[in-house]
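Visitor: Residues per chain, in single letters:
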Amino acid sequence: MNTLAHHLPALQVIVPMLSAPLVMLLKPSGLARAAAVAASLFAFVIAIAMTMSVLDGNVYTYRMGSWPAPYGIELTVDRFSALLLLIVTGASTFALLAGRRSIDSDIDESRQPLFYSAWLLALAGLSGIPVAADAFNIFVFMEISSLASYVIIAGGSDRRALPAVFKYLIMGTIGATFYLIGIGLIYLMTGTLNLADMELRIHEVADQKPILVAAGFITIGLALKAAVFPLHVWLPNSYTYAPNPVTVFLAACSTKVSLYLLLRFDFFVFQPNLVNHDTQFTWFLMPLAVLAILIASGVALFEQNIKRLLAYSSIAQIGYILLGASFVTLAGLTASTVHLFNHALAKGALFLAVGCLATQSAGLRLSDLGGIAKRMPWTSAAFIVAGFSLVGVPGTAGFISKWYLITAALEHGSLGIALVAVIVISSLMAVVYIWRIVEAIYFAEPVADQSAIREAPRMMLLITWVAALANLYFGLVPEVPVTLASSAADTLLEHLP
Amino acid sequence: MELLGIFYYWVFAVILMIGFYAVIAKRNLIKKLIGLSIFQAAVFLLYITMGKVEGGTAPIFQDGVSLYSNPLPQVLILTAIVVGISTTALGLGIVVRIKEEYGSIEEDEIQERERS
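As they're listed, the protein sequences go chains A and B.
Take the first sequence: its position 421, counted from the start at 1, is 421 in our numbering, and no numbers get skipped.
Take the second sequence: its position 7, counted from the start at 1, is 7 in our numbering, and no numbers get skipped.
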């Protein structure tokens, strides 16, 4: 590897992190925006370059300041982290490119550089978590990303975002503190914070009880951050009242990163070392996943605000990801990781389309959007494509992950058949709630005069369509995410005894 | 294991629960944040006590001393304290904005005004 390629894991975090203070200083807000887009795009390119490299079989290991692990700080990028980096940087870049109009209308010109700066910090934190190989660094990155996301969620003009973000701050901090207690207990028993080293040294620990307690704290803490049912209550309002580009960005990646960390921690550190931990993992998470899928989809059926409707659908989709993981099998974990990617694509595209609708429509309740498709045919068509992907229609990305999930469930006999029934029922519910939106925008009578409504700005529409077409592309040619996901599942499982 | 020998874990657990209780039970947003700070402070104590080695001295290299306390937990917790301060500051900032917009920092009153 040449020298620049060697530094890519560090650059992935450093580029957005150092751009953040610079962006804050740039005065005409257009310049700040351009710099933020450039930094995010650069991060996306780095993520793509690393993905290509790990697809060739490389694994990046980077030692900060050349100090050897476990004393120094280590960064690693394998296929699982590369998949996450793609999601995070891609979501940020798409949301920023498409978000100009929404941000201009939501945020004062003078505060925009600050907003972009916070955005880049959120990006740096979210891409730091997959890159870091040290439990405490992960905590710091998690808090950087969380604090920055609180700022950008509350950055808009909607005052209802404030109580929502306060709730998110309280719950997010409790989650992060639980995680901190967990790694404290592990450090107490093993004397290390490096994940790879931790895995080796836990073998030597005679008393497993503190490790088990640590597993509990870390699982609950990360479940809070990942909005696992029933710890999801912060999510719907935060997503609903955040500025639209922020919703695109965070809905596509922030909970995914916490889920990634949950899987990574559990399979690297706890599964190989704790007795019967796989049964505990399965029987703790599977019921929660099933409840999340059924209840959140059920709530989405009756929701009137389309952003909140899609937020509840996100909670259900997190249930799918957990359900796959709770099987603790190769097929299950593959399904789960593929769904991380595919759900990010589908939900990102849906929220982009919602952002387009929001530029023209006064409100985002179903009744406000009556018949808007006649005025905005392209946006509405993109919404339908992305909606198909969310439902899992063959030919779209969503179908691929549902297919893997059902295959994985069928390995489990009669329990598997019950779970397939759950998946099918919730897919039908998804058909219904997506259809409610489609019905409103295509067939309902407009309530107000719509003559002023035009198609969304061209750039925004273009990005929305790129995202929608990506759903079709990765539905027809799923090699890249599936390869990444199946070898991610391999890496997770090879630590098991 | 005798209970007194691990009394600092009891201190940690009790402070943690006091903070957690305040976060959940109090309806005033500032009181919630105070609870959150107490909750985080408990974790700081957990880390700092674990670094102490019995009979160990401050981790500064000098002749004739072979037993040192572990400095790493203190360094870690310094970072966590910074994180805690930022969280509290941001939380207070949000409370100020909530007060500006809703004219109240009581959770139930805010909910009431949100509905209207």
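These are computed hints drawn from the structure, not numbers from a lab.
Among the hints, a few may not be true.
Unchecked claim - Which stretches of chain A does chain B cover? Using the computed rule of at least three CB atoms under 8 Å from a CB of chain B, they are:
{"id": "1", "region": "71 to 80"}
{"id": "2", "region": "348 to 362"}
To be verified - Facing chain B, a subset of chain A residues (Cβ under 7 Å, in silico):
{"id": "3", "residue": "F136"}
{"id": "4", "residue": "E143"}
{"id": "5", "residue": "L162"}
{"id": "6", "residue": "P163"}
{"id": "7", "residue": "L169"}
{"id": "8", "residue": "L188"}
{"id": "9", "residue": "F268"}
{"id": "10", "residue": "P272"}
These figures come from a predicted structure and were not determined experimentally.
Where is the CB? At the ideal position from N, CA and C, for every residue including glycine.
Visitor: Please go over all the hints and tell whether each is borne out by the structure.
Guide: A quick look at each hint next to the structure:
Counting residues of the region 71 to 80 of chain A whose beta carbon lies closer than 8 Å to any beta carbon of chain B gives 0, which falls short of the minimum of three for the stated coverage. Judged by the Cβ-Cβ criterion of 8 Å, the region 348 to 362 of chain A is not covered by chain B as claimed, because only 0 of its residues qualify and three are needed. Given hint, F136/A at the interface with chain B, holds; its Cβ is 6 Å from that chain's nearest Cβ, closer than 7 Å. Contact between E143/A and chain B, as hinted, is supported at the beta carbon level, the nearest pair being about 5 Å apart and thus within 7 Å.
Restraint check, L162/A versus chain B: the minimum CB separation of about 5 Å is within 7 Å; hint holds. For P163/A, the shortest C-beta to C-beta distance to chain B is roughly 5 Å, which falls under 7 Å, so the interface hint holds. Using the Cβ-Cβ criterion of 7 Å, the hint placing L169/A at the interface with chain B is satisfied: the shortest such distance is roughly 5 Å. Among the interface hints, the one on L188/A holds; its C-beta lies about 5 Å from the nearest C-beta in chain B, closer than the 7 Å criterion.
Given hint, F268/A at the interface with chain B, is violated; its Cβ is 20 Å from that chain's nearest Cβ, farther than 7 Å. Hint status for P272/A relative to chain B: violated, with the closest Cβ pair at about 24 Å, above 7 Å.
Checked against the numbered hints above, the structure violates hints 1, 2, 9 and 10; every other hint is satisfied.
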